[in-house]
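In our numbering, the protein residues as written are 4 to 97.
Watch out, some of these pointers could steer you wrong.
Restraint ranges, calculated between C-beta atoms of paired labels, are given here [what the hints assert, rightly or not]:
| no. | residue 1 | residue 2 | range |
| --- | --- | --- | --- |
| 1 | 79 | 55 | 17 to 23 Å |
| 2 | 19 | 94 | 22 to 28 Å |
| 3 | 13 | 85 | 33 to 39 Å |
| 4 | 96 | 7 | 26 to 32 Å |
| 5 | 91 | 6 | 30 to 36 Å |
| 6 | 17 | 83 | 20 to 26 Å |
| 7 | 78 | 13 | 29 to 35 Å |
Derived DSSO-like pairs (lysine-lysine); straight-line CA-CA distance at most 30 Å [what the hints assert, rightly or not]:
| no. | residue 1 | residue 2 |
| --- | --- | --- |
| 8 | 7 | 26 |
| 9 | 69 | 26 |
| 10 | 69 | 96 |
| 11 | 69 | 56 |
| 12 | 7 | 56 |
| 13 | 56 | 26 |
| 14 | 96 | 56 |
| 15 | 96 | 26 |
What the hints contain is simulated information worked out from the structure, not anything from laboratory work. Only a predicted model underlies this, so the values are computations on that prediction, with no experimental measurement involved. C-beta: ideal position from N, C-alpha, C; glycine also.
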Amino acid sequence: MSPKPIEYDDASSDVRAIYDEIKQARGVNDVNNFWKYLANDPVTLRRTWHSLKEIMGSGALDSLTKELIYIAVSATNNCTYCIRSHTASASSKG
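Taking the hints into account, I'd like the entire structure generated from these sequences.
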């Protein structure tokens with residue numbers, strides 16, 4: 004059986020806590036399907052979220068530049084879903 008996305012109402016308290024962090028950090032009402040599918044393995048969800056926070060944290064590049072790099076890589080990989088997701092995120096950053 005293929006994994007299904009884990010919606011907030013069906014998630015464990017640990018997964019809900021991560022969803023809440025993501026929603027607050029990104030200023031969105033719901034997490035996208037990337038996170039919902041990762042929630043099938045809460046350890047991977049947590050690890051991926053923490054890695055992303057490190058990558059997108061303060062550093063030599065601002066967050067908009069990092070999102071633009073994500074878009075370029077997504078275009079190179081021909082990932083329409085990724086392009087749309089990172090374009091939306093970049094748009095919210097200016």
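Evaluated hints:
1. Taking the beta carbon of each, residue 79 and residue 55 are about 19 Å apart, inside 17 to 23 Å as hinted.
2. Between residue 19 and residue 94 the C-beta distance comes to about 27 Å, which sits within the given range of 22 to 28 Å.
3. At about 25 Å, the CB distance of residue 13 to residue 85 disagrees with the hint of 33 to 39 Å.
4. At roughly 31 Å, the beta-carbon separation of residue 96 and residue 7 lies within the given 26 to 32 Å, and the hint holds.
5. Checked against the given bound of 30 to 36 Å, the beta carbons of residue 91 and residue 6, roughly 24 Å apart, lie outside it.
6. Roughly 31 Å separates the CB atoms of residue 17 and residue 83, a value that falls outside the hinted 20 to 26 Å.
7. Restraint check, residue 78 to residue 13: a C-beta distance of roughly 33 Å satisfies the suggested window 29 to 35 Å.
8. This hinted pair checks out: residue 7 and residue 26 have alpha carbons roughly 20 Å apart, not beyond 30 Å.
9. Distance restraint check for residue 69 and residue 26: the Cα-Cα separation of roughly 19 Å lies within the 30 Å cut-off, and the hinted pair is therefore satisfied.
10. Simply put, residue 69 and residue 96 have alpha-carbon atoms about 11 Å apart, close enough for the 30 Å limit, and the pair holds.
11. A C-alpha spacing of about 12 Å is found between residue 69 and residue 56, which places the hinted pair at or below 30 Å, so the restraint holds.
12. With a CA separation close to 25 Å, the supplied pair residue 7 and residue 56 stays within the 30 Å bound.
13. For the given pair, residue 56 sits about 13 Å from residue 26 by alpha-carbon distance, which is consistent with the 30 Å threshold.
14. The straight-line distance between the Cα atoms of residue 96 and residue 56 is roughly 15 Å, inside the 30 Å bound, and the hint therefore holds.
15. With a C-alpha separation of about 15 Å, the suggested pairing of residue 96 with residue 26 holds against the 30 Å cut-off.
Hints 3, 5, 6 from the list above are not met by this structure, while the remaining hints are.
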